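Take these sequences, add in the hints, and give me the full structure.
Okay, so the sequence shown: first residue is 191 according to my numbering, each after it adds one.
These are computed hints drawn from the structure, not numbers from a lab. In this text the structure is predicted, and so the values were computed from the model without any measurement. Be careful, since some hints might not be right.
To be verified - The calculated PhoX-like cross-link candidates involving lysine-lysine, where the alpha carbons are at most 20 angstroms apart (straight line), are:
(1) Lys-701 / Lys-682
(2) Lys-679 / Lys-694
(3) Lys-699 / Lys-682
(4) Lys-682 / Lys-694
(5) Lys-432 / Lys-694
(6) Lys-694 / Lys-604
(7) Lys-701 / Lys-604
(8) Lys-604 / Lys-682
(9) Lys-444 / Lys-468
Said to hold, decoys possible - If you anchor each label on the Cβ, the simulated ranges turn out as follows:
(10) Asp-593 / Gln-573: 29 to 39 angstroms
(11) Gly-210 / Glu-670: 45 to 55 angstroms
(12) Asp-344 / Gly-535: 44 to 54 angstroms
(13) Arg-669 / Pro-500: 31 to 41 angstroms
(14) Lys-432 / Ala-340: 25 to 35 angstroms
Even for Gly, the Cβ is constructed at its ideal location relative to N, Cα and C.
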Amino acid sequence: MQPFDRDARDPFMYATLVSGDRTLSGDSLDQRVRRVAGGLSALGLVAGDVVCILMRNDFPLIEVALAAERIGVMAVPLNWHGTPEEIGYILADAQARALFAHTDLLKAAAAVVPPRCRMLEVIPPPEVRLAYRLQPSSCTPTPGALAYEAWVGDSAESSSAPIPPPFRLLYTSGTTGQPKGVKRARATTELAQRMGRRVRLAHGLEQRPIRAVMTGPLYHSAPNVYALNCVRHGELLVLQPKFDAGGLLDLVEKYRLSHMHAVPTMFSRLLDLPEERKARFDISSLIAVVHGATMCPREVKQAMIEWWGPVLLEYYAATELGIITACTSRQWLDRPGTVGQAPEGVQLSVVDDGGQPVPTGEKGEIFIQSDAAALLDYHNRPQAIQELQRDDWVTLGDIGYIDAEGFLWICDRKTDMVISGGVNIFPAELEEVALRIPQVRDCVAFGIPDRDLGEALAMFVEPHEGVTLDTDAVRNAIRERLGRLRAPKVVKSMPRLPREDSGKIARRKLKQQYLESIAAPA
191 MQPFDRDARD PFMYATLVSG DRTLSGDSLD QRVRRVAGGL SALGLVAGDV VCILMRNDFP
251 LIEVALAAER IGVMAVPLNW HGTPEEIGYI LADAQARALF AHTDLLKAAA AVVPPRCRML
311 EVIPPPEVRL AYRLQPSSCT PTPGALAYEA WVGDSAESSS APIPPPFRLL YTSGTTGQPK
371 GVKRARATTE LAQRMGRRVR LAHGLEQRPI RAVMTGPLYH SAPNVYALNC VRHGELLVLQ
431 PKFDAGGLLD LVEKYRLSHM HAVPTMFSRL LDLPEERKAR FDISSLIAVV HGATMCPREV
491 KQAMIEWWGP VLLEYYAATE LGIITACTSR QWLDRPGTVG QAPEGVQLSV VDDGGQPVPT
551 GEKGEIFIQS DAAALLDYHN RPQAIQELQR DDWVTLGDIG YIDAEGFLWI CDRKTDMVIS
611 GGVNIFPAEL EEVALRIPQV RDCVAFGIPD RDLGEALAMF VEPHEGVTLD TDAVRNAIRE
671 RLGRLRAPKV VKSMPRLPRE DSGKIARRKL KQQYLESIAA PA
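Here it is in structure tokens:
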């Protein structure tokens, strides 16, 4: 995904930042960005170099990202849930010249930082320490690291004209091997403007004023781009250190917030709040609440629209291609379950296993033709792009269908498909049925080895709080709807399903844990 072009105002008139009890005005942010840019130059970084950021949501993360952009340096956010080995791999693969990290995170990663990569540590602020229950001992200085605040204070402001980075670099999660660096070359002015319009429309950022809150982690590409665009073009950006449903409502009311980027899990947590708390919430300031990352259960989205009104926007996107489709609340209410239509510059096609287009309304693998694809490459992996491409079309491995009006539905990922007794089964089919059971709050299904069928389905279910779930009833409900072959062989209940910070259920992690449990000796 790519930030849209700046508007006609002063290009460095930034929004005010708020986090906990701290406030940083736009003017102060501009001054600090110039100092960080000057400090990076003093360290010897030049256009085309890479810095990495290993931080939770905090002001310095935004400062470094904006400063790097100003001098043509690529700022790469790192998933701080990654193992030291994964972090070390990215630092080496990206040839990072500097790593900016919260102190406790740096302590865990310091041993894998390459010798030529300077370490700058940021002491976590009070609200981050409280949210993540950090102990004082984890926030003591790290040997060999520069103290960020002292470094900023000692740095001279950069006075050079901005230099656009030659490309943008973001790393995908390493669920199927080492993380891959998605590299996007700088677009022409015309293409950048077209891609910018897609982002603005999909994220609701053409509606002003922009007084936004960031609830998700900024190491993810979509929240990262969303937050930076709000800083560049908005009045206010509030950082929530860690998502909390009741706390979010308080922030919206206190600051009269208008915009928000969320994921479906956050909606579920909001809906679980006591009815009297929800009834007191003043929604009048909300203009655009955008969500993506994973499929939203229809009942959850319907309930959110009934509560907050038609302010929900949805997008289907990828780090590699940016926005692919977008959908308003009105469009979704007319076609519940759709992820919207492709905007200008993007075309969709659904094909069968032989690569032939399927009839309208039939399921198949989704291929995308986007003007952004010409900019796409994988850092140090030129062959990887060929795995996604078929002629001028790119696939992300998703399964879905397109209706007669061009609206897209996502059914599942091809890589998650299970072949049981010769029958193709998509876990999302089971999950959709299970989510209609009143006792079920959330669920996830995946394939497991089966002696007779080759593969079978296992499902883990998270019941609503205080509810005792009958797993046999869940299995029978799915069997009645989808038939015996598609019913899960194993159904287990968990008080809380494990999740990524993006809100996605950690499907592969849960599957691996289950497979290890059945392989372990009794």
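Hint by hint, here is what the structure shows:
About 12 angstroms separates the Cα atoms of Lys-701 and Lys-682, which keeps this hinted pair within 20 angstroms; it holds. Simply put, Lys-679 and Lys-694 have alpha-carbon atoms about 23 angstroms apart, too far for the 20 angstroms limit, and the pair is violated. For the proposed pair Lys-699 and Lys-682, the alpha carbon gap of about 15 angstroms is at most 20 angstroms, so the pair holds. The hinted pair formed by Lys-682 and Lys-694 meets the criterion: a straight-line CA distance of about 19 angstroms does not exceed 20 angstroms.
Proposed proximity of Lys-432 and Lys-694 is supported: the alpha carbons are some 15 angstroms apart, at most 20 angstroms. Of the supplied pair hints, the one linking Lys-694 and Lys-604 holds, its CA atoms being roughly 17 angstroms apart against a limit of 20 angstroms. Distance check on the hinted pair: Lys-701 and Lys-604 sit about 17 angstroms apart at the alpha-carbon level, within 20 angstroms; holds. For the hint linking Lys-604 to Lys-682, the alpha-carbon distance of about 24 angstroms lies beyond 20 angstroms, and the restraint is violated.
Between Lys-444 and Lys-468, the direct Cα distance comes to roughly 15 angstroms. Compliance with the 20 angstroms bound is thereby established for this hinted pair. Taking 29 to 39 angstroms as the suggested C-beta distance range, the pair Asp-593 and Gln-573 conforms, at roughly 36 angstroms. In this structure the supplied range 45 to 55 angstroms holds for Gly-210 paired with Glu-670, their Cβ-Cβ distance being about 50 angstroms. Between Asp-344 and Gly-535 the CB atoms are about 45 angstroms apart, so this pair conforms to the stated range of 44 to 54 angstroms.
Look at Arg-669 against Pro-500: about 37 angstroms separates their beta carbons, and that is inside 31 to 41 angstroms. Against the hinted window of 25 to 35 angstroms, the Cβ-Cβ separation of Lys-432 and Ala-340 comes to about 27 angstroms, which satisfies the hint.
Taken one by one, the earlier hints fail for this structure at numbers 2 and 8, listed in ascending order.
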